[in-house]
Amino acid sequence: MVKRERGYTMMEIVVTLAVFGIFLMIVVILTAEMRANEKRYPINYMAHPEVSAVMARMRKDVFDTKYYPATFQSYQQTPKTLILYTLRQTGFGETVVYDFRSSGEVHRKGFNASEQTTDWVAHGLPDFTIGSFTLGTGQDAVRIKALDDQNRLAIDEIFVPRPHD
Amino acid sequence: MRKSRGFSLIEVLVGLLILTIVITTTISMFAERQKRMRFANETILAYQALSNEAEIWRRIDFASLDGQPPTFQSDTSILAPMAPFSTSVRVDTTRADLKNVTLTVRWSNARRTAKLAIVRVDTGGSSLW
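Protein chains in written order, with my numbering: chain A, 1 to 165; chain B, 166 to 294.
By construction, these hints were calculated from the structure, which means they are not laboratory data. Just so you know, not all the hints are guaranteed correct.
Below, a list of computed lysine to any residue pairs in the SDA-like style, where the Cα atoms sit at most 20 angstroms apart [as the list claims (entries may be wrong)]:
#, chain 1, residue 1, chain 2, residue 2
1, B, Lys264, B, Pro249
2, A, Lys39, A, Thr137
3, A, Lys60, B, Ser216
4, A, Lys39, B, Ser216
5, A, Lys39, B, Pro249
6, B, Lys200, A, Met25
7, B, Lys200, A, Asp119
8, B, Lys200, A, Lys66
9, B, Lys200, A, Gly104
10, B, Lys200, A, Thr31
11, B, Lys200, A, Ala47
12, A, Lys39, B, Arg170
13, B, Lys200, A, Arg40
14, A, Lys145, B, Ala282
15, A, Lys60, B, Pro246
16, B, Lys264, A, Met46
17, B, Lys200, A, Asn44
18, A, Lys39, B, Lys264
19, B, Lys200, A, Asn37
20, A, Lys66, B, Arg223
21, A, Lys39, B, Pro246
22, A, Lys145, B, Ile209
23, A, Lys145, A, His48
24, A, Lys60, A, Thr16
25, A, Lys39, B, Gln199
26, B, Lys200, A, Lys60
27, A, Lys39, B, Ala282
28, A, Lys60, B, Pro249
29, B, Lys200, A, Arg35
30, A, Lys39, B, Phe204
31, B, Lys200, A, Val27
32, B, Lys200, A, Met46
33, A, Lys39, B, Arg224
34, A, Lys60, A, Asp149
Owing to the predicted nature of the structure, the values given are computational and were not obtained by experimental measurement.
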């Protein structure tokens, strides 16, 4: 007896291709949406613990700042260097330098008079730039910005010192 | 002679049902994750703008609060990925010496909103607080 061999019917192939096509369409749509979101939104640096630590320390330091020295030792106020004269919990003053000149890291250096007392470092940071921002009251604030690798504005925060008597 | 049989209709249907449930669940989880990631990104951007604007409204002279334009005065470039968006500021006088300032960012055709409220008190002192 000759065995009769049969392949798939046209209907079976059409149904299989249709199901596969629908599945493929959903995957393509979701992937396209994911790509569109990636292009549209900057990198969420604030979810990075070291970035949020830098922002928190800087916010606190600026909040307690009495004034911004133009220079301190070899440092100058630039978009990559922030110099603050701030108050410590002891009530005495401290000069604090945020040095963003090395790519991807910041040094927060604390000085008691001319002697350096602390050096805190954070790594894996975006490219921060520091600017000034003057409020309507004439108060000078610090504006810190960071762009991501696609030059999209990812961080833009204003820190304002509290009034001192 | 052994009779060769394929799967029954019920077996095929149950198999397809299980496969459909697995695929649908996976895809919907993926889509939900995407949506939540987008909302998280938008919320973080919105609160940066709200925080900056709060610094400005915290320092406007108490007596001048009502006369301010009801929109954000700070730079809102950070909100660009959420365009079109709108910002608004509402000042409610709850007591003669107390005003509530509510800052709002709306986006996604006003379906999404982020708010930040600050309280201003007339202390009779400097206008910095």
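Going through the hints against the structure:
{"no.": "1", "hint": "Lys264/B / Pro249/B", "result": "violated (30 angstroms)"}
{"no.": "2", "hint": "Lys39/A / Thr137/A", "result": "violated (38 angstroms)"}
{"no.": "3", "hint": "Lys60/A / Ser216/B", "result": "holds (15 angstroms)"}
{"no.": "4", "hint": "Lys39/A / Ser216/B", "result": "violated (25 angstroms)"}
{"no.": "5", "hint": "Lys39/A / Pro249/B", "result": "holds (16 angstroms)"}
{"no.": "6", "hint": "Lys200/B / Met25/A", "result": "holds (19 angstroms)"}
{"no.": "7", "hint": "Lys200/B / Asp119/A", "result": "violated (41 angstroms)"}
{"no.": "8", "hint": "Lys200/B / Lys66/A", "result": "violated (44 angstroms)"}
{"no.": "9", "hint": "Lys200/B / Gly104/A", "result": "violated (30 angstroms)"}
{"no.": "10", "hint": "Lys200/B / Thr31/A", "result": "holds (13 angstroms)"}
{"no.": "11", "hint": "Lys200/B / Ala47/A", "result": "holds (17 angstroms)"}
{"no.": "12", "hint": "Lys39/A / Arg170/B", "result": "violated (53 angstroms)"}
{"no.": "13", "hint": "Lys200/B / Arg40/A", "result": "holds (14 angstroms)"}
{"no.": "14", "hint": "Lys145/A / Ala282/B", "result": "violated (24 angstroms)"}
{"no.": "15", "hint": "Lys60/A / Pro246/B", "result": "violated (29 angstroms)"}
{"no.": "16", "hint": "Lys264/B / Met46/A", "result": "violated (31 angstroms)"}
{"no.": "17", "hint": "Lys200/B / Asn44/A", "result": "holds (15 angstroms)"}
{"no.": "18", "hint": "Lys39/A / Lys264/B", "result": "violated (41 angstroms)"}
{"no.": "19", "hint": "Lys200/B / Asn37/A", "result": "holds (10 angstroms)"}
{"no.": "20", "hint": "Lys66/A / Arg223/B", "result": "holds (19 angstroms)"}
{"no.": "21", "hint": "Lys39/A / Pro246/B", "result": "holds (9 angstroms)"}
{"no.": "22", "hint": "Lys145/A / Ile209/B", "result": "holds (14 angstroms)"}
{"no.": "23", "hint": "Lys145/A / His48/A", "result": "holds (15 angstroms)"}
{"no.": "24", "hint": "Lys60/A / Thr16/A", "result": "violated (62 angstroms)"}
{"no.": "25", "hint": "Lys39/A / Gln199/B", "result": "holds (13 angstroms)"}
{"no.": "26", "hint": "Lys200/B / Lys60/A", "result": "violated (34 angstroms)"}
{"no.": "27", "hint": "Lys39/A / Ala282/B", "result": "violated (32 angstroms)"}
{"no.": "28", "hint": "Lys60/A / Pro249/B", "result": "violated (33 angstroms)"}
{"no.": "29", "hint": "Lys200/B / Arg35/A", "result": "holds (13 angstroms)"}
{"no.": "30", "hint": "Lys39/A / Phe204/B", "result": "holds (15 angstroms)"}
{"no.": "31", "hint": "Lys200/B / Val27/A", "result": "holds (15 angstroms)"}
{"no.": "32", "hint": "Lys200/B / Met46/A", "result": "holds (18 angstroms)"}
{"no.": "33", "hint": "Lys39/A / Arg224/B", "result": "violated (37 angstroms)"}
{"no.": "34", "hint": "Lys60/A / Asp149/A", "result": "violated (28 angstroms)"}
In summary, the numbered hints that this structure violates are 1, 2, 4, 7, 8, 9, 12, 14, 15, 16, 18, 24, 26, 27, 28, 33 and 34.
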